Amino acid sequence: MQSVLKEFEEQGVSIVVVSFAEPERLSHYQRVHAWPFTLLADPQRAAYSHFGFKQLTWYRVFSWATVKAYAHLLWRGRRIERYGRDDYFQSGGDLLIDREGRLYFAHHSRDPADRPGVSQLLEEVRKARRQRRD
Amino acid sequence: MPRTIGGELADTVIVMMNQRFKHRLATLWTASATPKIPLDRIRLLDLAGQESSLKDHVPDLSLLIFLRHLA
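So the protein lines, in turn, are chains A and B. Under the working numbering, the first residue of the first sequence carries the number 1, and numbering increases by one thereafter. Under the working numbering, the first residue of the second sequence carries the number 1, and numbering increases by one thereafter.
With the rest of the complex left out, here is chain A (with noise of 0.2 Å):
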């Protein structure tokens, strides 16, 4: 984890986490996990909705895909955590954004096991550095 902080630091992008959980769960959540990002909530889904970010349907939140992501976590001896009720059915993504609100990259999961790879991300980042220098 922290080798892969240092590479978005050494590209100068910083890594902001937004949830729709109210503040005093993500907060719980904060302290069992400590993440070194910023953490923000999004109870209303303001910004869920903004993005694009929809629901998913039963059969892409329990998809075969889905199965064996959490079977894999589950054999490398990850627990299943419980932070209180919670919606299964909204969908997450990863997008690169400027302070202008200019957009480089957006990825919206197709199922909970759908995200983009670091390399990925960090090529993104590579691609958008570019661009913002021409």
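No wet-lab data here; the hints were simulated from the structure. Here the structure is a predicted model, which is why all the values come from computation and not from measurement. C-beta atoms are modelled at their ideal positions from N, C-alpha and C, and glycine is treated no differently.
Taking lysine to any residue pairs in the SDA-like style, the calculated list, with each CA pair at most 25 Å apart, reads: (1) K127/A / M1/A; (2) K55/B / P43/A; (3) K127/A / P59/B; (4) K127/A / L61/B; (5) K127/A / I37/B; (6) K36/B / G12/A; (7) K6/A / I65/B; (8) K6/A / H57/B; (9) K55/B / R25/A; (10) K55/B / F8/A; (11) K36/B / Q131/A; (12) K54/A / Y104/A; (13) K55/B / F105/A; (14) K55/B / S49/A; (15) K68/A / H108/A; (16) K55/B / D98/A; (17) K36/B / V17/A; (18) K55/B / G12/A; (19) K68/A / A113/A; (20) K6/A / R99/A; (21) K55/B / H69/B; (22) K6/A / D56/B; (23) K55/B / A106/A; (24) K54/A / L47/B; (25) K55/B / E7/A; (26) K127/A / R115/A; (27) K55/B / R41/B; (28) K55/B / L5/A; (29) K68/A / Q90/A; (30) K127/A / P116/A.
Here are a few chain B residues that face chain A, going by a calculated C-beta distance under 8 Å: (31) S62; (32) L63; (33) H69; (34) L70.
Following the hints, position chain B against chain A.
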């Protein structure tokens, strides 16, 4: 009329400048076509429940990770 070295060089420079100009034009178009989102209008809460705009938390180029449920 036989071509001179000077003439060939001049032609080469003109072609290179033309290509650079076209590339610059394409880049400017791309930059202007990249959608802009008003981050100051997107309100979020910090862990203490204080409201602020997303722009306050995006110093420059930033990776925004939108979570699904907490796990």
